[in-house]
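Residue numbering for the sequence shown follows the numbering used here, starting at 1 and increasing by one per position.
Worth flagging that the hints you see were computed from the coordinates, not collected in a lab. Mixed in with the good hints, there may be bad ones.
To be verified - Here are the in silico distance ranges between beta carbons for each label pair: (1) R50 x A92: 17 to 25 Å; (2) P80 x S116: 44 to 52 Å; (3) E72 x A92: 17 to 25 Å; (4) S69 x H97: 51 to 59 Å; (5) S58 x Y3: 57 to 65 Å; (6) I28 x Y3: 51 to 59 Å; (7) R84 x I28: 48 to 56 Å; (8) S46 x R13: 55 to 63 Å; (9) V23 x K123: 39 to 47 Å; (10) N81 x S47: 43 to 51 Å.
The C-beta atom is built at its ideal place from N, Cα and C for all residues, glycine as well.
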Amino acid sequence: MEYSQIMLEMLERIKMLENKVKVLEEKIENTTIPKPQTAMQLDKVSSKYRGLTEYLLSSNETKVTLSYSQIEEILGFNLPNTARKFKQAYWANTKTHSYASSWMNVDYKARPDINSETVTFIKNFA
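Model the full assembly from the supplied sequences, consistent with the hints where possible.
Here it is as structure tokens:
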């Protein structure tokens, strides 16, 4: 085979590959890329409590115990008096409490310790 023939075949192959790349690029441009699961989970949490959500996500632990002061440091503000006075009710795992979404939307359940000012967040795999 002659050199010129080899060059022509190579150019044809390059042209064919360029066309394939163009088709793939167009598909990518027209594809809606879904948000990562964590981004969707964060969207469901009020910005006020997002710090706790991000902390739990980044911990990668199945069980995280935090004191109230640690939670306040993470959030950047003091917890309301009801968190201390009505521990069981405040830390209830219910979607009716906007702050509970900070742990529930990332699959944790809160377990307050009645005798101390700590809360254990346990990853729910169910």
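Hints versus structure:
no.: 1; hint: R50 x A92: 17 to 25 Å; verdict: holds, 20 Å
no.: 2; hint: P80 x S116: 44 to 52 Å; verdict: violated, 18 Å
no.: 3; hint: E72 x A92: 17 to 25 Å; verdict: holds, 19 Å
no.: 4; hint: S69 x H97: 51 to 59 Å; verdict: violated, 21 Å
no.: 5; hint: S58 x Y3: 57 to 65 Å; verdict: holds, 60 Å
no.: 6; hint: I28 x Y3: 51 to 59 Å; verdict: violated, 37 Å
no.: 7; hint: R84 x I28: 48 to 56 Å; verdict: holds, 52 Å
no.: 8; hint: S46 x R13: 55 to 63 Å; verdict: holds, 56 Å
no.: 9; hint: V23 x K123: 39 to 47 Å; verdict: holds, 43 Å
no.: 10; hint: N81 x S47: 43 to 51 Å; verdict: violated, 22 Å
Comparing the model with each earlier hint shows violations of hints 2, 4, 6 and 10; every other hint is respected.
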